Each structure stands twice: as C-alpha cells, then as structure tokens.
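Those protein sequences? They're chains B and U, same order as listed. Here UniProt numbering is used: position 230 in the first sequence is 230, and no number is missing along the way. Here UniProt numbering is used: position 349 in the second sequence is 349, and no number is missing along the way.
Each hint should be verified, as a subset may be incorrect.
To be verified - Derived SDA-like pairs: lysine to any residue, alpha-carbon spacing no greater than 25 Å straight-line:
1) 51/U to 229/B
2) 229/B to 224/U
3) 229/B to 4/U
4) 229/B to 73/U
5) 51/B to 4/U
6) 229/U to 51/B
7) 229/U to 294/B
8) 229/B to 349/U
9) 229/U to 2/B
10) 229/B to 210/U
11) 229/U to 217/B
12) 229/B to 229/U
13) 51/B to 210/U
14) 229/U to 205/B
15) 229/U to 366/B
16) 366/B to 294/B
17) 229/B to 208/U
18) 229/B to 217/U
If you are wondering where the hints come from, they were derived from the structure by calculation, not from laboratory data. Being a predicted model, the structure only gives us computed values, none of them experimental.
Residue-level listing of the chains:
There are 2 protein chains.
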Amino acid sequence: MLNFDFYNPTHIAFGEGKIADLNTLVPHNARVLMLYGGGSIHKNGVYDEVKLALGSRLVAEFSGIEPNPTYETLMKAVAEVKAHQIDFLLAVGGGSVIDGTKFVAAAAVFEGDDPWEILEKRGNNVNSALPFGSVLTLPATGSEMNSGAVITRTSIHAKLAFGSRHCFPQFSVLDPVKTYTLPVRQVGNGVVDAFVHVMEQYLTYPVNAPVQDRFAEGILLTLIEEGPKALETPENYEVRANLMWAATMALNGVISTGVPQDWATHMIGHELTALHGLDHAQTLAIILPAMLRVRKEAKREKLLQFADRVWGLRDGDEASRIESAISRMQAFFETMGVKTRLQDYGLGAEHIPALIASLEAHRMTKLGERRDVTPDISRQVLELAI
Amino acid sequence: MLNFDFYNPTHIAFGEGKIADLNTLVPHNARVLMLYGGGSIHKNGVYDEVKLALGSRLVAEFSGIEPNPTYETLMKAVAEVKAHQIDFLLAVGGGSVIDGTKFVAAAAVFEGDDPWEILEKRGNNVNSALPFGSVLTLPATGSEMNSGAVITRTSIHAKLAFGSRHCFPQFSVLDPVKTYTLPVRQVGNGVVDAFVHVMEQYLTYPVNAPVQDRFAEGILLTLIEEGPKALETPENYEVRANLMWAATMALNGVISTGVPQDWATHMIGHELTALHGLDHAQTLAIILPAMLRVRKEAKREKLLQFADRVWGLRDGDEASRIESAISRMQAFFETMGVKTRLQDYGLGAEHIPALIASLEAHRMTKLGERRDVTPDISRQVLELAI
C-alpha cells in the first residue's frame, strides 16, 4: 500500500424525505444563493421541497448551469454572489451543478486577478471558498462528496479540472426518490460514469491493498447488478438508493486511499467533450475499452483480477480472460444505453489529430498511473476506439 | 437501505514516516497535552518521533492511561488540562488511550456538575470538546477515526460507552511500522476486535445494501488473510498496513451506513471485562460465536451470506453451512491466539447471574438489531459460551 492522506468532511444526509433536513443543515441566518440547471427540479418537486425546507431564509436563485458547466456562465453567478452579499451556496442538481458551484464558491473569494487561474493551477491557488451544500438529483459524478470539479471554457474549447480541500460540500442531501424521473440517457450515463470512476482507481497495478480492491469490486458488482434494473423499473427505491450510494462511494476518496490512480481515460474524454460536445459518460464508454486493450500488458495483473472477481471469468488463457472481461464491460455500457465507439457518434480517424493536439495544448502528455501514456499512445487508443 | 446520516471529518495520515506530519497537523501555537499509556512508546521510538515532530511547541504529558481506561485516571488528566491551560490533546497509543482522550476532551469543557454524566447520557449532553488528534500504535478499536469511546468506572464496576460529533479526532496518524513490536496478544486481540466490529454491523438482517455488505465482507476477508501473517512475520509492512487500514475502516461509519446494527455481543462483553478483567477482544471472541448460535434463526439470511461469501461454504443444508461458518470464525479467533470459551478464562455457570444482574443494572435489557435480546437470551448466550 502507498502512503496516503484521507480527509472528507462532507456530511451525507441520505434517504427519502431528507431534503427537509436542509432546515438544520443550512445556517439559519444564511444569505443563500440556490444554483441549478434547467427546469427539471421544477417538474420533479425538488424545487418546492427545497424552498419549503429553507423556510424564511433569504434565498436568491441562479439557474441555467449547463451540462459541462462553463466558466462563462459561472462568472455570472459569481457576480450575483457579490451583488447580493451571498454567504452560502446551495447546489441543487447533478454533478455539473455541484461542480459549477464549487467553482463559484472558490471564484467568489479568489484573491488573484482572473478566476480562470484556478483551473490553470488545478486549484493549488485556492486558499478559501464560500461554504456550500448540495441536493443531489443525479447519481453519477460523485461531486456531492469530493472536492474536485471540472469546468469548461467554451471560448477556448478547454475542459479542465481543479480541486481544493476548501471545496468539499459541507453537506449533501441524497434522496433516491428524486432520481425516479431522470431520463433514461442520464441514468445510463450516471452508471457508466460511476463505473469508470472506480476503474480509474482500481484498474492500475497491484500494490497489495486488499481492502481497497474489494471495496472497488463491491461497487462495480453493485453497478452491474443494479444499473439495468433502474432502466427496467425506474421507481424501485432500493435500486435507486443502491445506485446513488455506489456512485458517491465511487469517488469520495475511500477507494483511492493508498493505491495508484490512472485517469487517462478521463483526460482524453474531456477533449472529446470539449471539441465535439459528447456527454461525459459517452466519452468514457468510448475510451476505456480501447485504453484497456492498448495497455493490457501494463495492466495485466489487475485485468486478470477484474476478470475473476467482477466477471467470474476463470477459464481459458490469460489473454482470452482479459479480452472477455473488457468485452463484458463494453457490453454492459451498451446495455446501459451508452454507445462505445467513436463512429456511433459520427466521429472518425479524421478527428483524431485535433484531439491529440488538444491534449498536447493542455499538457496532457504524460497520463496514466505510470505517467507513460504519451500522445502517441493516446492516438492508438483513439484509433482503436473508432 | 435505511435512511442515514454520515459524517466523519477525521484526517487520516497513513504510512511509514507519517509521524513527522504532526508538525503541520498540530497548530503551531498549541499548548499540547500528550496522553499515553505505559512505557511501550518509549521502547519503540514513537515517543521520540512525536516529540521531534512537535518541535518547539509547549508539550505537557500525561501517562498511565490503562487498558479499559478509567474515569478515575482520566479525571486526573482533566485536572492537568485545567492546571496548564491546555488547548490541544494528542493521544499516542491504542484504542484505550484514544478513547480516554475523547473523554478528557469532552470532560475538560463539560458544563454539567459531574463529567460521569457524559457516560450516563451516552454523550448526548456533550456540546463541545477540546480539539485533539491521535498517533495510533495498535490497530484494533477504530477509535482513531470515530467519535465514540468506552470508559470504565472502577469503583462501581461499570463500563459504558459514549459518543458525540464533537469527539472525532481532528487527525490520526497511522504508521504501520510502529505496530511491528506489538506483543502477540495485542495483535490477536486487535484482529478479533476489528472482525467483531464488522460483524456487529453486517451480521443482522438484510436490507438490500449490497455496497455496504461487500465492503464488510472485504474487510472480513482481509482480516482472515492477513491476521495470521502478522503473527508469523511481524515485520511485514504490507501485512501490518492492511490490518491497520482494515481495522480503521471496520468502525469509521462507512460500513454502517443505511444498515441495522447489533452490538449485543459488545454490551455483554463489557460486563465480562468490568467484572472479571478480561481483555475486550477476549470477551468478544467468547460471546460472538454463542450469540450467533443462539440467534441463528433471526440472523439466518445474513449467516448464509456470511457462510457463502466469507468462508466459501456453498454445499450442504442451511443448518450445516451456518454451523460451519460459525465454527470457522471461532477457529480463526483461536488461530489468532484468542480463546473462545468462558472456561478458558476460569469462568463458569456460577458467574452468569452476576453478569446478567450487571446487564440489567446498566439497562442492557433490550439488545441487538431488533431490540429483542432480553436478559434471558443473554443468559442463554453465556450458558452456551461456557
């Protein structure tokens, strides 16, 4: 096991009816800015429940945070914070709204010249942030219980990540009932997103960390079992609850303690979203199977463990078990309604040079758990993913 | 899954050499009281490393916190805190030292008349506590990453638990190297203690919580695999690291999210320690096998899951699989050097009435995940454990 630090102070309030707890979770004298995306929270009742729970607190609103939240939009929210002397942010939505709120929280009190520097420095220049909480409506990104965020700057086609210990939500409310009405596409994306988060922390090389490995495998098995059920029976509370908790545990720091991490799939995926607008999970579903095939030698031992413990593949030679495991994973993504080839999204070989150029422009030239995923290897991955 | 709240702000600094991080973890202007047990930290170098890391900070010391820390001893530490205007506590030791420090932290600022009321009210009357951290030397109790403690009052033969959200360590430093020199008895006790902690949260009744179940099973499997290796090769870093992290994850709130909890074995065990001085883990090793046998109908489904997933028992009828699983667990405790019958400790049927009377005196009359473990059932358990 590698040395590590673990710190995660986010209070999770989980279960049906828990939105009412906002009345104790948000300070009574807070001047709140409630941030959300489109109109879904008006349709599913979340907006009304949140407002009711906040009672007589002063609540301003900022709506219109888009999927892959943009710097351009979020800077408007920062202006609202300053205009109304807001001292508490409440994100109501999925990972994009929570990620965006983290940026607003940091940018509103940023001491530098331009808050975009937060992304350029990956958050190392964040020394404080406004306190904030979240009400999660879409299990997927894990943003509700971590301190990271990914922000897009449309004008320069950049999608970059930052993180800071000042950017943990103080609390997140997770009510599985509020996920019943999610569109099928978002359910599928969410399951794939959580699955790939686990893989980025698990499918590297062994460091003798059996607790972390088994936790990771436990989340993967749960996503495989419960994901399809959520598509079949959308109003099954237990299925929704298990998916919601699995997605949170997939990226709250627990399974990454003391183990190497990859994240190359995410970095290449970010370029696909920035240049071509694909959903985040779609990019992961395209890149990961190809990445594992290209890097199967470097990841051999963990691929065999994944084949055995997650897919029950114990017969045949090593190469066939590895290929079967990757194929099963890819088929699972397709089962969740997420296509896994570039061509499924109208993309081909002609788009690869620009993607590689973007990776290089963003200094994503040494990716992966051993920093040996060069632009040339990223090109091989993209070519195999066509 | 049941509704739940999860909150755990303890910062974990894990790995070889991490004691040096105290220099950043403890405030530079702190007036520190360092609390420890006997002389082992002088022999294994921990004392010197801690002092070095604390640098020029003002550090007072309080030694002599015993296994099953007593109210009598701890109140002397409270007097030291007040005499020296201490504003930060640093526990250096195992679960007893950390538990004791939690009580000192709460008692030093307690607003009531007598800090023993903290135990009588189970901590519900704790409104604040001094900040504190820990350096863990004995993986076992999980106290390094939770907010609970068990305190003994010798004068009245009482061993009671309390907990408060104000009593999380701010940080805990876990260096597996510092566990190399532990006596065999403490290694065995620690593994059994962690194992039973998991069982109290896992072996109840199913609520469809697959992530939590698999996490629990992952910790149990790790303890079963790594525990005996720690006895065979005491200076194996990886084994010690895995045991240390397994014991922390066993009782930091992660695996208890959304599931029922039992704790009847612990409550009966506390009486055995209070009346007869047995090690905490010895009491658990005695009580748990008998408890599972007496309550095998109520726990049937989870016992079958435990037999299957932890012990690989899939053949034979249900009753034989359940008995085999319990026997295997009991044999594992014995392998770790912890005897599992009352008679192994010189105790027999004649001691049971007083144990039951103590349970009743401490209002431990409705125990277990369904509150149906009456004194009569506790008596059956003790009789079966002879």
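task = Could you check the structure against the hints above and give me the numbers of any it violates, in ascending order?
result = 1, 2, 4, 6, 7, 8, 12, 13 and 15
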